[in-house]
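Student: What follows is each chain in one-letter form.
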Amino acid sequence: VYLRNEWYVAALSDELEGRPVARTLLGQPLVLFRTASGKAAVMDNRCPHRGAPLSTGEVVGESLVCGYHGFSFETTGRCNHIPGGAVIPAKACVRSYPVVDRWGWVFVWMGDLAHVDESLLPNFRWTAEPGWAGGRDYLHVRSNYTLVRDNLLDLTHARFVHKNTLATSAVTDTPIRTSLHGRVVRVERNMLNIEPSPFFKKIPGFKGRVDHRQCIEFHAASYISINTTVTAVAGEDDDRTAAFYVLNAMTPETDKSTHYFWALVRNFAPEDDEVTRMQHELNRATFQEDVDILEQQQALLDSAPADWQPVAVPNDGGCIQAARLMKRLLAQEAGSTA
Amino acid sequence: VYLRNEWYVAALSDELEGRPVARTLLGQPLVLFRTASGKAAVMDNRCPHRGAPLSTGEVVGESLVCGYHGFSFETTGRCNHIPGGAVIPAKACVRSYPVVDRWGWVFVWMGDLAHVDESLLPNFRWTAEPGWAGGRDYLHVRSNYTLVRDNLLDLTHARFVHKNTLATSAVTDTPIRTSLHGRVVRVERNMLNIEPSPFFKKIPGFKGRVDHRQCIEFHAASYISINTTVTAVAGEDDDRTAAFYVLNAMTPETDKSTHYFWALVRNFAPEDDEVTRMQHELNRATFQEDVDILEQQQALLDSAPADWQPVAVPNDGGCIQAARLMKRLLAQEAGSTA
Amino acid sequence: VYLRNEWYVAALSDELEGRPVARTLLGQPLVLFRTASGKAAVMDNRCPHRGAPLSTGEVVGESLVCGYHGFSFETTGRCNHIPGGAVIPAKACVRSYPVVDRWGWVFVWMGDLAHVDESLLPNFRWTAEPGWAGGRDYLHVRSNYTLVRDNLLDLTHARFVHKNTLATSAVTDTPIRTSLHGRVVRVERNMLNIEPSPFFKKIPGFKGRVDHRQCIEFHAASYISINTTVTAVAGEDDDRTAAFYVLNAMTPETDKSTHYFWALVRNFAPEDDEVTRMQHELNRATFQEDVDILEQQQALLDSAPADWQPVAVPNDGGCIQAARLMKRLLAQEAGSTA
Numbered sequence: 001v002y003l004r005n006e007w008y009v010a011a012l013s014d015e016l017e018g019r020p021v022a023r024t025l026l027g028q029p030l031v032l033f034r035t036a037s038g039k040a041a042v043m044d045n046r047c048p049h050r051g052a053p054l055s056t057g058e059v060v061g062e063s064l065v066c067g068y069h070g071f072s073f074e075t076t077g078r079c080n081h082i083p084g085g086a087v088i089p090a091k092a093c094v095r096s097y098p099v100v101d102r103w104g105w106v107f108v109w110m111g112d113l114a115h116v117d118e119s120l121l122p123n124f125r126w127t128a129e130p131g132w133a134g135g136r137d138y139l140h141v142r143s144n145y146t147l148v149r150d151n152l153l154d155l156t157h158a159r160f161v162h163k164n165t166l167a168t169s170a171v172t173d174t175p176i177r178t179s180l181h182g183r184v185v186r187v188e189r190n191m192l193n194i195e196p197s198p199f200f201k202k203i204p205g206f207k208g209r210v211d212h213r214q215c216i217e218f219h220a221a222s223y224i225s226i227n228t229t230v231t232a233v234a235g236e237d238d239d240r241t242a243a244f245y246v247l248n249a250m251t252p253e254t255d256k257s258t259h260y261f262w263a264l265v266r267n268f269a270p271e272d273d274e275v276t277r278m279q280h281e282l283n284r285a286t287f288q289e290d291v292d293i294l295e296q297q298q299a300l301l302d303s304a305p306a307d308w309q310p311v312a313v314p315n316d317g318g319c320i321q322a323a324r325l326m327k328r329l330l331a332q333e334a335g336s337t338a
Numbered sequence: 001v002y003l004r005n006e007w008y009v010a011a012l013s014d015e016l017e018g019r020p021v022a023r024t025l026l027g028q029p030l031v032l033f034r035t036a037s038g039k040a041a042v043m044d045n046r047c048p049h050r051g052a053p054l055s056t057g058e059v060v061g062e063s064l065v066c067g068y069h070g071f072s073f074e075t076t077g078r079c080n081h082i083p084g085g086a087v088i089p090a091k092a093c094v095r096s097y098p099v100v101d102r103w104g105w106v107f108v109w110m111g112d113l114a115h116v117d118e119s120l121l122p123n124f125r126w127t128a129e130p131g132w133a134g135g136r137d138y139l140h141v142r143s144n145y146t147l148v149r150d151n152l153l154d155l156t157h158a159r160f161v162h163k164n165t166l167a168t169s170a171v172t173d174t175p176i177r178t179s180l181h182g183r184v185v186r187v188e189r190n191m192l193n194i195e196p197s198p199f200f201k202k203i204p205g206f207k208g209r210v211d212h213r214q215c216i217e218f219h220a221a222s223y224i225s226i227n228t229t230v231t232a233v234a235g236e237d238d239d240r241t242a243a244f245y246v247l248n249a250m251t252p253e254t255d256k257s258t259h260y261f262w263a264l265v266r267n268f269a270p271e272d273d274e275v276t277r278m279q280h281e282l283n284r285a286t287f288q289e290d291v292d293i294l295e296q297q298q299a300l301l302d303s304a305p306a307d308w309q310p311v312a313v314p315n316d317g318g319c320i321q322a323a324r325l326m327k328r329l330l331a332q333e334a335g336s337t338a
Numbered sequence: 001v002y003l004r005n006e007w008y009v010a011a012l013s014d015e016l017e018g019r020p021v022a023r024t025l026l027g028q029p030l031v032l033f034r035t036a037s038g039k040a041a042v043m044d045n046r047c048p049h050r051g052a053p054l055s056t057g058e059v060v061g062e063s064l065v066c067g068y069h070g071f072s073f074e075t076t077g078r079c080n081h082i083p084g085g086a087v088i089p090a091k092a093c094v095r096s097y098p099v100v101d102r103w104g105w106v107f108v109w110m111g112d113l114a115h116v117d118e119s120l121l122p123n124f125r126w127t128a129e130p131g132w133a134g135g136r137d138y139l140h141v142r143s144n145y146t147l148v149r150d151n152l153l154d155l156t157h158a159r160f161v162h163k164n165t166l167a168t169s170a171v172t173d174t175p176i177r178t179s180l181h182g183r184v185v186r187v188e189r190n191m192l193n194i195e196p197s198p199f200f201k202k203i204p205g206f207k208g209r210v211d212h213r214q215c216i217e218f219h220a221a222s223y224i225s226i227n228t229t230v231t232a233v234a235g236e237d238d239d240r241t242a243a244f245y246v247l248n249a250m251t252p253e254t255d256k257s258t259h260y261f262w263a264l265v266r267n268f269a270p271e272d273d274e275v276t277r278m279q280h281e282l283n284r285a286t287f288q289e290d291v292d293i294l295e296q297q298q299a300l301l302d303s304a305p306a307d308w309q310p311v312a313v314p315n316d317g318g319c320i321q322a323a324r325l326m327k328r329l330l331a332q333e334a335g336s337t338a
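Protein chains in written order, with my numbering: chain A, 1 to 338; chain B, 1 to 338; chain C, 1 to 338.
Next comes chain A alone, as it looks inside the complex (with noise of 0.2 Å):
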């Protein structure tokens, strides 16, 4: 069951200048493209006429197409050509999907048409600041995209999980304040004068001890931003303070898997590629971790009994509050449906 009436990340806006792309969203298989004008578009990948992929087909102008028997759709959906000058059934359409290309990310509504609202976008502009620099990248996951959620929203998994980049022991000895704002659950922890983790070490190159400051955002249904500052402690030879977004879109393929998006920028040397590269793959490498841990967590998950319950401490309250919205809202939506 997911929340539908949403903004879900569909695709890099990248992946829309070659082929059209195959791909399953909220169980549903889907073709992302792009039209000769520049325009991106979601429908639904099966051709009404056989059932088969209009993603094997051609974007011919503003029009999609099908790789089989030559089907021709809109970006609506709406059928414009059958070959062989056919008179075009009224079934012969797909369903089609508002789609928001910004911030280097396709975003697609797949719910109501009645209650599009790009004001429920998240605000992703830092991916696009003048002064902000860094890249964004696509891993497949094995795991319900909650599994994801709830990886962000405990950062105390960076102690265990990423002991070579974002381990630090404060980490776990900082307490947490979690609070509720709307959708947004927000989480947030200020790690003060401490011994920099590895990748701050690296980037920007902290010597002295810093103050981590670490502010998560759970933007519902499937969001993260996480806000991370770090600043040399007064007495530190350093007057720095670099400042980090990761942003996350953790979109749900089936209720086993996800497509997790994410960038991540920095507030410093924007023009330094060689920084903006090393930041990538330390990241890259960073959440494959993750990625690991996660798909045999879902597998131990599959395998629980129907009772199990996860056991939960002072940490998780990013967790729970995220779980508890996310129920509220998915009741909401049911009754508003019903």
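Hints were generated in silico from the structure; no laboratory data involved.
Computed from a prediction, not measured in an experiment: that's the story for all the values here.
Be aware that one or more of the hints could be misleading.
No distinction is drawn between identical chains; accordingly, a pair holds when it is met within one copy or between any pair of copies.
[Unchecked claim] SDA-like cross-link-like pairs, simulated, lysine to any residue; straight-line CA separation at most 20 Å:
1. Lys-256 to Ala-220
2. Lys-91 to His-140
3. Lys-163 to Gly-18
4. Lys-256 to Ala-304
5. Lys-202 to Arg-142
6. Lys-256 to Ser-96
7. Lys-91 to Gln-309
8. Lys-207 to Thr-165
9. Lys-256 to Asp-302
10. Lys-163 to Val-59
11. Lys-163 to Pro-314
12. Lys-91 to Gly-317
13. Lys-201 to Asp-292
14. Lys-202 to His-280
15. Lys-201 to Leu-139
16. Lys-201 to Glu-295
17. Lys-201 to Gln-214
18. Lys-39 to Arg-186
19. Lys-91 to Thr-174
20. Lys-202 to Cys-93
21. Lys-163 to Asp-44
Please arrange chains B and C on chain A, whose structure you already have, making use of the hints.
Tutor: Positioned in the frame of chain A, the structure of chains B and C alone reads:
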């Protein structure tokens, strides 16, 4: 649900030269082999002793000896020896199936023995006829066999799927004639005075315009023969006519997979092995393009809502007639069994 | 359905020298590890906190620290530390299992703690006895463990499956004696004055005729020991007797897969490492031949009609007795539990 009182192709005759072959047909695991005297045989693969695969055994004279504990079976399925001299229990036998070994293919009858009828075999004599040359091959397809059938009954796909070999815009622009002849559905299309498709520009090498006639016949339950005749049009400096048969046997493995046997023969330059080789390679690559689409189509149909129905256009005439014929034959067979 | 009040082999003792091992036994995902003091331990692998795999964690002293958020567990399954100093919830514990680390194998008891009984361990002392030499290994088999058991209880298969090592026509031609001794089924076969099988021609190198005696014992629920004694017959220029034990532990992973542990030891030339190596290689290749058959057998049984039953002959005596014993023991255990 399959028609059972039918001949299905189980193997290329050549496949039985070596070790016994394990192959599932109509959902049933079979062993196919050839005895010392050269007789092709098909039996259930599950040894009645412990359920081990007879296909791991060895042909000894006219018998197949199980590869686990050595029970020996005649091609009738009768057990004729148990090591250690045990009395042979009445239940120690396997079901065997009538076989016809003809035209390079091994046909098997998995239905009622009272109805075995060689006259139901399709006529594939061209694969063994003097003056005709070509070859045969095998493809495993992870789709229901009816999707392969419908692929061949609507050749308009050639324009979109087979751009480098069979494509011609005439195939979509020329209407078909569909007719029913007993257990045969015929689809005819005469494309007159057209540019030859890439294949015919290579083989036999038409340079000018041609008349290209297609006659596609579906022989229930699992055969399609395609007769193609290409003739240089009057006025071109060419008086050639080239005829081809593509003979296709789509044998259900399971409801989601098909053993697809094909043969392609031509009526010219029968001694030219280079043409035979090139024709084979082009056709193999072309059919692989179909497999790619068919497997994705099957996956999309698997995930379709239960009430999903294809949308029909005139070029589906052959597919619709074939589906109707099969429905009638299945009902007949069910009625005669009940 | 498995007997639970039993010792099952979980691992080779050597396997626990490195990182914790994730392994499923009787359908339950477990973690196996050895503490700093050298104690072997087995616990459920699912961390009670969030369901992550304890096997990705690290052994710290006598505890296993979860690789996700660092919950620490003693070998009893008691949680002794949660990072951040949280109060340890009562439910933050995992189930641990009694272990015996003996003869190179780690035995685990997954049944009722009130019934733990080391006297139920099979006697595998030869693997650690002076004067005996050999090795042990592990095979993963995608078949139910009873198929492995029955493979070993009917050695007539050696003639057909192991043509290059164990084959001898005497194995099928010599009748067996089957007897029941409490929880043990014994199958004996004395093959007198026969040509040695290929294995014994190599190890220890019999050239003339031999008496070859087999004593196979099934110890419920998951063990087979095979004692083989080969003696040069009187009149041959050879007075050697060679004895071997093949000790087999077939631990159910799931109802379709088995952890198959084996050890092979001999009572001669114990210092000859080349013989030990060759003996190991021959046996490993031989058992792989069994695995190939067993996995196909499982697949054929999976697709068999629900009422399919094997057909029994006298050489199945051991298999039949073993199945009968297991049925009785399962009923007993179910009765005592209920």
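Student: It remains to establish, for every hint, whether it holds in the given structure.
Tutor: Hint check results:
no., hint, in the structure
1, Lys-256 to Ala-220, "within (19 Å within a copy, 39 Å between copies)"
2, Lys-91 to His-140, "neither (34 Å within a copy, 33 Å between copies)"
3, Lys-163 to Gly-18, "between (38 Å within a copy, 19 Å between copies)"
4, Lys-256 to Ala-304, "both (15 Å within a copy, 19 Å between copies)"
5, Lys-202 to Arg-142, "neither (31 Å within a copy, 47 Å between copies)"
6, Lys-256 to Ser-96, "neither (25 Å within a copy, 29 Å between copies)"
7, Lys-91 to Gln-309, "between (46 Å within a copy, 10 Å between copies)"
8, Lys-207 to Thr-165, "within (15 Å within a copy, 65 Å between copies)"
9, Lys-256 to Asp-302, "both (9 Å within a copy, 18 Å between copies)"
10, Lys-163 to Val-59, "between (46 Å within a copy, 15 Å between copies)"
11, Lys-163 to Pro-314, "neither (22 Å within a copy, 62 Å between copies)"
12, Lys-91 to Gly-317, "between (49 Å within a copy, 18 Å between copies)"
13, Lys-201 to Asp-292, "neither (25 Å within a copy, 49 Å between copies)"
14, Lys-202 to His-280, "within (13 Å within a copy, 50 Å between copies)"
15, Lys-201 to Leu-139, "neither (26 Å within a copy, 46 Å between copies)"
16, Lys-201 to Glu-295, "neither (30 Å within a copy, 50 Å between copies)"
17, Lys-201 to Gln-214, "within (17 Å within a copy, 68 Å between copies)"
18, Lys-39 to Arg-186, "neither (35 Å within a copy, 44 Å between copies)"
19, Lys-91 to Thr-174, "neither (59 Å within a copy, 24 Å between copies)"
20, Lys-202 to Cys-93, "neither (54 Å within a copy, 38 Å between copies)"
21, Lys-163 to Asp-44, "neither (42 Å within a copy, 25 Å between copies)"
Checked against the numbered hints listed earlier, the structure breaks hints 2, 5, 6, 11, 13, 15, 16, 18, 19, 20, 21; every other hint is satisfied.
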